[in-house]
Amino acid sequence: MARAWGARLIEFQSVTKAFDDGTVAVNDLDLAVEAGTITVFVGPSGCGKTTSLRMVNRMVEPTSGRVLVDGRDVRSADPALLRRGIGYVIQHAGLFPHRTVLDNVATVPLLGGWTRRRARARAAELLEVVGLPQEVGRRYPAQLSGGQQQRVGVARALAADPPVLLMDEPFSAVDPVVREGLQDELLRLQSELDKTVLFVTHDIDEAVRVGERVAVFATGGVLAQYAEPPELLARPANDFVADFVGRDRGYWGLSFVAGGALRPDEVETVTVGASGVVSGDEWLLALDEDGRPRGWLRPRAVVSGPLSEQELEPGGSLHTLGLPLRGALDAALSSPSGRGVVVDRGGRAVGVVTAHQVLELLAAERAATQARPEGGR
Amino acid sequence: MIQQLIEWLADPAHWRGPDGIPTRLLEHLYYCLVAAGFATLVALPAGLFVGHTGRGGTLLVGAGNALRALPTLGLVTFLYLVVGGTQTATLIGLVVLAVPPILAGAYSGVQQVDRRVVDAAVGVGMTRWQRLWQVEVPNAMPLILGGIRNAVLQVVATAAVAAYVGLGGLGRYVLDGIRAVDYPKVLAGALLVALLAILLDVVLSGVQWLVVPAGLRTAGVGDEGRRRPRRSARREVRGETTDTGGGRVDGRAGHGLRKR
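So the sequences go chain by chain: A and B. Going by my numbering, the first sequence opens with residue 980, and the numbers climb by one from there. Going by my numbering, the second sequence opens with residue 15, and the numbers climb by one from there.
Chain A with its partners taken away, still in its complex shape (with noise of 0.2 Å):
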């Protein structure tokens, strides 16, 4: 990991939480989250991943054990305190529908004992730090769209700049597309508001995407397994977390792999618009002026004329130069000629790599360091 461990800024002492009924939600939970990391709770549902989130701000009191934040119990602070303290977001967002979206940022300010101007002044500077514009501002809850209002969430937590910031399943109600858009965002707020975040979600991949450490819950409130995400893809603590995780886990464990060590090879290169293109025994990899992929053209083809898009297979994914392998051998195995295209940082293809090349860097690797592999986002 990029960051070394901070301190831990949340701690789970033996917490339980057992329900009227009897039904135990979380079960001697032990678990420290660290300062400044984005910490993810997921498990099925009923597994007390909510429900331990919601103990941090007191919205659920532990049946037994203790919660400390910053070192101290939060059952020695005020529960409306506490919470001014920490950034709250839910699934939905929760905004107020009576509110306009700036004074629904300036909540917890005013709370705090802003004045009005400040308060919205502040709240007008945080939609553009998670990127909306001013005129949303004036706009109520029920004119945006659930992406939209996620953002309105996420600002409204973030109003009172506290340092820890929990969120439950806060986009789990918006289209994946969307979706993947606010997990971007959150990563990129977290990198530069450096904020420690607890993060629940159900969904695996969501976990892995935002978590640098991933709680996985089992059912009955237990904690599977706690680590960072490579590891846990690698090497599942039981079968519970092998079976939750998923049977692709070995194929995404490439997302933390990282591929520097790859070597293009070269490949013979022609320029869409070129004159009496004849191809040999191989595919050739159509470019374009600036040298960007624009396609294959078959073995054995001859072209009469200019050499027009029509006449190129579409290319795979292509994979950039220096990211972690998943990319690289997705794109060996979605291209046509079964070498995937690599690009710079511009998208200009440097070479291609064959299936075969990847799993001959992993093999070698994976011999070299027994150890962990080396993360990277």
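Read the hints as simulated data drawn from the structure, not as lab findings. Every value quoted in this text rests on a predicted model; they were computed, and no experiment measured them.
Ranges of calculated distance between the beta carbons of each label pair, as one might list FRET restraints:
#, chain 1, residue 1, chain 2, residue 2, range
1, A, Ser1151, B, Trp143, 29 to 35 Å
2, A, Arg1095, B, Gly31, 52 to 58 Å
3, B, Gly220, A, Leu1172, 43 to 49 Å
4, A, Arg1117, B, Asp25, 53 to 59 Å
5, A, Asp1140, B, Asn79, 48 to 54 Å
6, B, Trp143, A, Ala1213, 48 to 54 Å
7, B, Leu55, A, Asp1009, 49 to 55 Å
8, B, Leu209, A, Glu1114, 44 to 50 Å
9, B, Phe63, A, Asp1163, 43 to 49 Å
Beta carbons: idealized from backbone N, C-alpha and C, even for Gly.
Given chain A, put chain B in place with the hints provided.
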């Protein structure tokens, strides 16, 4: 008949003195405001409390229904006889009548506020009091006012009947007219009661427009046509039309309830 009605209304003698239209109208209005006012004082806090805490909801609904089931005139007459023939007794009867709709409106108004919104209010660190006043009451406003409008209409109608047991007001025309076989007078009384009811409802709908936060009025507009469950709940309490259609949003902002 219409001719006679118009003549009756046009007679200057009917616009003067203790039995004149202005006096009777003011009397009627006074009963309604006193009854609805006291009922609001009693029912609104009770309804808000039960809606907010979620405690005693069953009891409240039961009591409300029991009150509703009481025959109004019977109750008013009973109180009049038991308490001893005063105007106060009759007014108490009207208060009892006005309580259930206000109670139901306040209770269900607070109850139907989206759970997630309430959860967020707790989560951002509002105290119970702040949650009630800053989140629950503004969002319950359409139903609260719906309940009050409903109560006022019932009181206007029943106060007319309650003239039977010693109240003044517009009901006097109806009763005295029947006794004297003066049908234009009966009709004039009935007409005036109806007009007063309509007038009060128009005024209250204006109040409602001013007091319901703009965000709730505009709810549903420009939201990909998503339906609001709130509106059907509102109609349950009283079948009024809600002002959600048309109109630019920005032009209406500023009529909110945010400043108390």
